[in-house]
Each structure stands twice: as structure tokens, then as C-alpha cells.
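Going down the list, the protein sequences come from chains A and B. Heads up: the first sequence begins at 1 in the working numbering, then just goes up one per residue. Heads up: the second sequence begins at 1 in the working numbering, then just goes up one per residue.
Please keep in mind that the hints were generated in silico from the structure rather than gathered at the bench. Wrong hints could be hidden among the right ones.
Mimicking DSS-like on lysine-lysine, the simulated pairs with C-alpha atoms at most 27 Å apart in a straight line are [as the list claims (entries may be wrong)]: (1) B:158 with B:174; (2) A:282 with B:117; (3) A:63 with B:52; (4) A:137 with A:203; (5) B:52 with A:282; (6) A:575 with A:282; (7) A:366 with A:454; (8) A:322 with A:238.
Listed below are several chain A residues computed to face chain B (Cβ distance under 8 Å; list not exhaustive) [what the hints assert, rightly or not]: (9) 121; (10) 260; (11) 284; (12) 288; (13) 292; (14) 299; (15) 415.
No residue lacks a Cβ here, since even glycine has one placed at the ideal position from N, Cα and C.
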Amino acid sequence: MATQTIAAQAAGDLDAAVEMTLLRFITCGSVDDGKSTLIGRLLYDSKLILEDQMESLVDDSRKVGTQGDDIDFALLVDGLAAEREQGITIDVAYRYFNTETRKFIVADTPGHEQYTRNMATGASTAELAIILIDARKGILTQTRRHSYIVSLLKVPHVILAINKMDLVDYDQAVFDRISAEYREFARSIGLTDVSCIPISALKGDNVMEASAATPWYRGPALMQGLETVDVAVKDLSKPFSFPVQWVNRPNLDFRGFSGTIAGGVVAVGDEIVALPSARTSKVTRIVTYDGDLDRAEAGQAVTLVLADEIDISRGDVIAAPKNRPEVTDQFMAHLLWMTDEPMLPSRPYLLKTTNRTVSASITALKHKVNVNTLAEEAGRSLTINEVGVCNLALEAPIAFDTFADNHLLGSFVLIDRITNGTVAMGMIDHGLRRAENIHWQAQTVDKDARSRLKRQKPAVLWFTGLSGSGKSTIANLVEQRLYLRENHTVILDGDNVRHGLNRDLGFTDSDRVENIRRIGETSKLMAEAGLISIVSFISPFRAERQMVRSLLEPGEFVEVFVDASLELCASRDPKGLYKKAQAGEIKNFTGFDSPYEAPENPEITIDSANVSAEQAADQIMEYLASNGYLSEV
Amino acid sequence: MSLSHLENLEAESIHIMREVVAECENPVMLYSIGKDSAVMLRLAMKAFYPSKPPFPLMHVDTTWKFREMIEFRDRMVAELGVDLIVHINQEGVAQGIGPFSHGSAIHTDVMKTQGLKQALDKFGFDAAFGGARRDEEKSRSKERIFSFRSKNHRWDPKSQRPEMWSLYNCRIHKGESIRVFPLSNWTELDVWQYIQAEDIPIVPLYYAKERPVVERDGTLIMVDDDRMPLAPGEVPQMKKVRFRTLGCYPLTGAFESDATTLPDIINEMLVSRTSERQGRVIDKDGAASMEKKKQEGYF
């Protein structure tokens, strides 16, 4: 590419230059494969080495170069003084160049064994990896390791550059043998888009243009490959997700949520859900400094304004309601350990996702992956540069996608709480819901101790009654009052639990029983934690309510019967469910074609037809206070 | 539709700035008045809109900046309604430190590096944005976007925190700080293209104009005030010159040019065969001099 071409472009047609696309790629290979030489060559041939840089390059080549009187391109990119002495690259270095159509950001990543973590760092932002091989040596252990890391980080495109072809007399047989062997290996580790190119970085063959020395090779030169790889597809086809980075409140009249769209597209008027709260709203504005937008897409940094005043803060994820990220506090992930201090299972680390930091610990190291042989090995700990498959438990639930689905919502780092160092990078495989993955942990602090700390007696306020009887409304009021008294509460609401914990259950009788059993077990755990849980479920069957009562200690189960007639509930019909049931659109609807068994001896009965929700809440608070659940404030 | 490279870079910079504001207690933006600072300031206006940037700007004034830079600085701050802190190392002023009397190395160390450390300590800033780009210089190309500094403001290139995806670890101990470089991935060309596309005001010194200059060691130095020592009988010559980077006027080389518009400047840069820091006197003291300065706390 001649300098005049860009100059003409600058003078005549700046718009074209502004429309360039961006490709981030990494180069990886063993110490002597010629990575730095290749990058130096790309910069040199793209006319991006300037006179003063060239002067110091010629000067340095003579002093410390390894190419005799020739220019040592490696010196261009091996920047740190210490590296010049050692002759190797020891950290990630970023380089920039561009052609007419594309700007390139290159991470030059090291080949030395102890720096695997740096390669992973470079790979994390790359859309393409150039893996260098010395044609004389073929595929080495390091090649496998680098390729595995590329697959671990799910870099979409791979170019295998078989270098130093000049030293094997540009022999096609050598190229064919290495490419065939590599392709087979690449397939086995899930690398799907691989192209192989015979090059000489030193002599420039097949770097910028097709070389006369390899007439048998008909594929693109390296630069052509870099210019044409498709980066446009991006994350637009994925469901909309938007991690809230910062709440934007310049004054009382404006409340927006700033962040970068992690996937998909959003438009004004779209329905959204905020996670983990699962509250819904609509997008009313997409605000930017350059004016409001009608729509915005993955990669854009914008500020969203919503129709409703719902409580959203940094760490939440705004998403498309129909295809929302999972919310969990336990998941399985691949970890790459990056620090000298080994990983300790059960030690609390800080886990940072794209917008949130929570305490987390590794509950199980399922196996390690030997990055050289790719074999799964047993282990109790991870040391620097080791990869393992782990289960993690978080202190609070987060919204996430798997790393395969969305790099931004599926990645995290672990931070040491004492040193503040970044100790590991992680890629989420999937959330854990299955019982076999949840291990009982030895308890050293008991229920009494936890309750004392909270200055309350644990209780399960179990609201039962027909749909529309007012259970949830009263339950919410009670929770607000308890909160104002500084009591520690948690609310388990039928609809919410059905979206998460029990989302695999339907409305048959057996599913209803299982539904209540799980809620009962959950409430028991809450009681163990010393909490006052407020449970609001139709829970139509006496036997199941009795079963929950028996799970708990005497006095912990407080049954609140919200008594309202079917006619009254059907006339209120807040969710339009009775109408649907009458039309036959919902089967097994309590009160219609499924029975409701009223409690015989509830602790509290609310006469829903004759008292307001406020009065009902007063009645419940009075009961709790006079029965010793709440200590004096 | 996919984002252009400038849209990509803009979004990345905005993400970085918001992350600092969300996670750090007391950030500041170092504003050096040059073209990179101009772009950084525009990005800050964008990142928090409709809020104003929730941090002050700070200029470490060596007292030897071009007069036009100071005028431009004060005008921009007034127009945008942002807060500006100007810090001058008064100890250096008291000792009469200057580039002519003490040489470029001592002047830069005392008035710029020490001045910066003083200011960061005085206000207790735990994060400071800088406009440095990785394409400027070799040691910068290996520096993280979030660059950790010890209590003594030192940079240790051997123990940098790994930086993956767009996940930035902002955690520090009391007294430590982070230098944050939102323009890390921008090139000089990107900066000029963005200035053109966004119509961002820049100091007029970037445009060619008749200016009084003298030649020192093969470099054209503009005589910006009467502190410039002249040889007996030496008369500054009027030449049509401009600057590719801006700093202390005695340390910033001008070059002859006819570029009076942005397209002219971009055009000239693209056909130029020297790098932008070439005009800076301080970068030439040995190949690893910038790396050494950075370890000592220079930006």
C-alpha cells in the first residue's frame, strides 16, 4: 500500500477512512518462531516505520540484533529494555497499523512457557489468532498449548502461518504435511475456522502479497487474510443484553442507565426486564451526547431511560424479557490461574464480571486440563498457568450467559482480597441447578447465633388463599414494615419462584406438591439463616402446608389465611387469570377445576372482604410483636 | 451494520471512563491541553451525558507552556462548564527551575513529574486519566489501560496486572493509585480523524502560521516570550511553522509547514516519515529513557 494512496484518501475522501473496520488479532508461537519478526515485517511493509524509528532500528540492529548487518525487525516490537537483553518478548505488547479498509490492533503475545497467562490476556480481546510454526520443526508442544488457549478463549478465526519456508526450500510437501496434521488437531479442540499459509516473515514471502517462491500455494497472502476475515457479524443476532455500568442522575428529572450493549439490538419502545430483580419496563429513550437514538446495537455505549421507576443499580443487567440471561449464584467455569499463589478451594475471592463484584469461592475443582496434552487430570489446586474446570459459589446471584453464547456476560476475573491482584480469568460453562452439585457445608455458626445477630426470631409467614385474595399485596406491606424496623426478611413469591427455582414445574397436582415441597425446603434454609421469610403461595392442599409446618421447628411456621370468596377474587381478577380459566385457556386453576382446601387452624386469618391491605398488615405485625418474633428496637 | 473503527474506539474509551467513575472514589482527568487531551475531554463529555464529567480536570503547569495553550485551556473550561485544577510546583518555582537554566531533564523531572506527584498526593486522587496512546512509544505499548502505581507513584513493568476482555480490576490499597489511559488503543491518525469527524476545537498552534523561531541543535524553537535566551545579535526569524505535539515551548520543536486546515494536517502526517514524539527533546536521552521516566512516575 503506497503512502500516496492513503494521502490521497486523507485529502480527498476522509469519509472512507472513517468507515474503516477494526480487527484485533494476536500472534502466538514458540520463542524462535519469528512472531516479532512477522509483526515488524507487517509494520515495515505497511510503511508504518518512520524515519526516526528506522534510524534507531538500524542503530539497535547493529548493536544487539541477531541478523548480522540486516535489519532485525524483532527489535521494533520487543520494547522493554530487559527484553532486548534476553532477546525474548516477556509481556503483551500492542501494535497498530492500518490498510485502506481496516485498522488492526495486534497483541504480540509471548511464547515462553511461563507466560501462558499473557497469551490468554492477548487472546481475550482478539477476533483472530495467527499461530506461527517453524517449518523445520512442525507442530510442537507449544503449538498445541497455544491452540488450546485460543480455543479456550473462543477466538473465532485462526491462521496457521507456517514460517521460515525459505529454510526448507519452499517445499510444498513440508507445508502439506504440517497443515494436514494441524487441521486434524484443530478440529479435535473445536477450532472450526482455520486457514494455513506458507510464509517467510524474514524475507516477506506471502506476507503482503503472493510469493513467486511458492507457486503451488493458491490461497491468500497473510495480509489478504487479515483484511477479508469477517468481523461484521458480531453479536447482533444475540438477544439484547445490557449490563448497567453506571446510574446517570444529573438532576431529579433524569434517571438513566449507562452501559455498553453486550449483545443484540435495542429500540425505543422495547419491553425489557431488569435482572436479577426480574422487574419489567419499557425503553423510552436511548440517550447519547450526539442526540437520542431510535435503536442501538451491540458494542455501543449508550444511556437507557425506562418508563417505570424501577430500582436498578450498577451490577444489574437489562435484557430482552423473552430470552433473558440466567440468574444464578452457582456455576461451572473454566479457570486459568494467573498468579504465583496457588488457588485454594473454599477461600473467598472477589469475582468481577462486566459490571459487578461479588464474593465467591471455588467449591470444587472437577479436574485440571493439561494444556500440553489436553488430558483431564485430577487435582486439588491450580498453580500459575494451569487451567481447571471448577464449580463456583457466589455470595449473591448474578445474571450471566455462558461464555460460548456471550463473551461479555460469560467471563469474569478473580481478585485476591488481600493483595488486590488479578489471580484468575474465568469462562462460564453453565449454571448449576442440579442437586448433585450442591454440597452440604459444615456449619460452625448456628441458627440461634444468626438470629441473635439479627435481633429477631426466625419465622415463615405462610400466606395462603385463592389467586386474587390479596396475598402478595399484604405480604409486600408486611415486608416493608419489617424492613423499616430493621428486621431481616426475604420474600418468596409464587410467580417469582416459578420463574427460577421451580421453572421446570407445571400446574398438575403432582407438580403443585413438588412446588410446595421445594418452597418448604427453601423456607427452612431461610429460617436456618435467622430470617423472617414471607411466603406467598396459593398452596391449596392442607397436607402440603402441614408438611412444611413439620419441616420447621415449633413456632416457626405462621400460617396466614387470606380469606376471600371465589366470587370476590374472580371479580378482582388482577392478573386476568380467572377470565382465562373461565374461557378454558388455563387448566387446573385453583377454585375452578382444582380444589382449594382452607386451613383449619391458621395462626392468623385475614378477612379480605372487610379489611384493607394496610389493616391486614397491622394485624400481622401485632401478632409477630406480641408473640416474641421481634425484639424491642 | 457494524461499527466503524472510530465508533469502536469511542465506545471502548467511554466504557473505561464510566468504569473508573463507578469503581474509584476520587478520580481526576489530567488535561495537558494538546490534541489527545482534547479528544479525551470530548469523550468524557459523551460518557456521562447528560451529566457533566463527575471529576475535575487537572493541569500540571510547568510555567513554560505556550501562551496560546493557556488561553485555549481557560476558554475550553469556561465553555464546557467543567472544573479545572491548575497545579504548579511552587518549590520548583522558588528554586528557579527552568529548561534553559537547568536543562530539559531536571526541568521535566521537577516541574512535571514531581509536580504531578505533589498534586496527586495533595488532593488524594486514587485514579488519574491520561491521554497517552500505546502507539506513541515502545514502553507505552506494553502498559495496561489501568496502570497500577505504588504509594510512591512508581510503575513496575514486570508486575502489571493481567487485563482480560474489558474487565478492569480497579482495587487498590490506601495510598496507591491507578493511571488510566482511555486512548490506549487509538493511533495518531485515529485522533486526527476523530477531531475532524467530531469537529473538536484544538489549540491553533497545530495549524501553520508565521511564528518567530530560532534554531537550537537542529530543532526550530518558537520564541514565545522574552525568557528565551538569544545569542548576541541573534534575531528570531519569522517562519511558517506548526507543531505536531505541544508541551513546554523551549522543549517542543516546530517544523515548517503550509498545513492550515485539518485535512492538510492529516495529509501531512500521512506522508511524513517521522514519528510525532520526534519533536520532543526529552525522549532522546537513550533508547529506554521513556520507560525509565515512567517507572519514576512520569505519565
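Is residue 322 (chain A) within 27 Å of residue 238 (chain A), Cα to Cα? OK: residue 322 (chain A) and residue 238 (chain A) at ~12 Å, within 27 Å.
Quick one, is the residue 121 (chain A) hint okay against chain B at 8 Å, beta carbons? holds (5 Å)
Holds or violated: the hint that residue 292 (chain A) contacts chain B, with Cβ atoms closer than 8 Å. violated (11 Å)
Closest C-beta approach of residue 284 (chain A) to chain B relative to 8 Å, hint status: Result: violated, 15 Å to nearest chain B Cβ.
Against the 27 Å threshold, does the CA-CA distance of residue 366 (chain A) and residue 454 (chain A) hold or violate the hint? violated (36 Å)
If you take the shortest Cβ to Cβ gap from residue 299 (chain A) to chain B, is it below 8 Å? Hint holds; residue 299 (chain A) Cβ to chain B Cβ min 5 Å, cut 8 Å.
If you take the shortest Cβ to Cβ gap from residue 288 (chain A) to chain B, is it below 8 Å? holds (7 Å)
Would the pair residue 63 (chain A) and residue 52 (chain B) pass a check requiring their Cα atoms to be no farther apart than 27 Å? violated (52 Å)
Would the hint on residue 415 (chain A) stand, with a C-beta cut-off of 8 Å toward chain B? holds (6 Å)
Keeping to a limit of 27 Å between CA atoms, is the pair of residue 158 (chain B) and residue 174 (chain B) held or broken? holds (22 Å)
Interface restraint verdict for residue 260 (chain A) against chain B (beta-carbon cut-off 8 Å): Since the shortest Cβ distance to chain B is 5 Å, the answer is holds.
Below or equal to 27 Å on CA atoms is what counts here, so check residue 52 (chain B) against residue 282 (chain A). Judged against 27 Å, a Cα distance of about 26 Å means the pair holds.
In this structure, the hints that do not hold are numbers 2, 3, 7, 11 and 13, in rising order.
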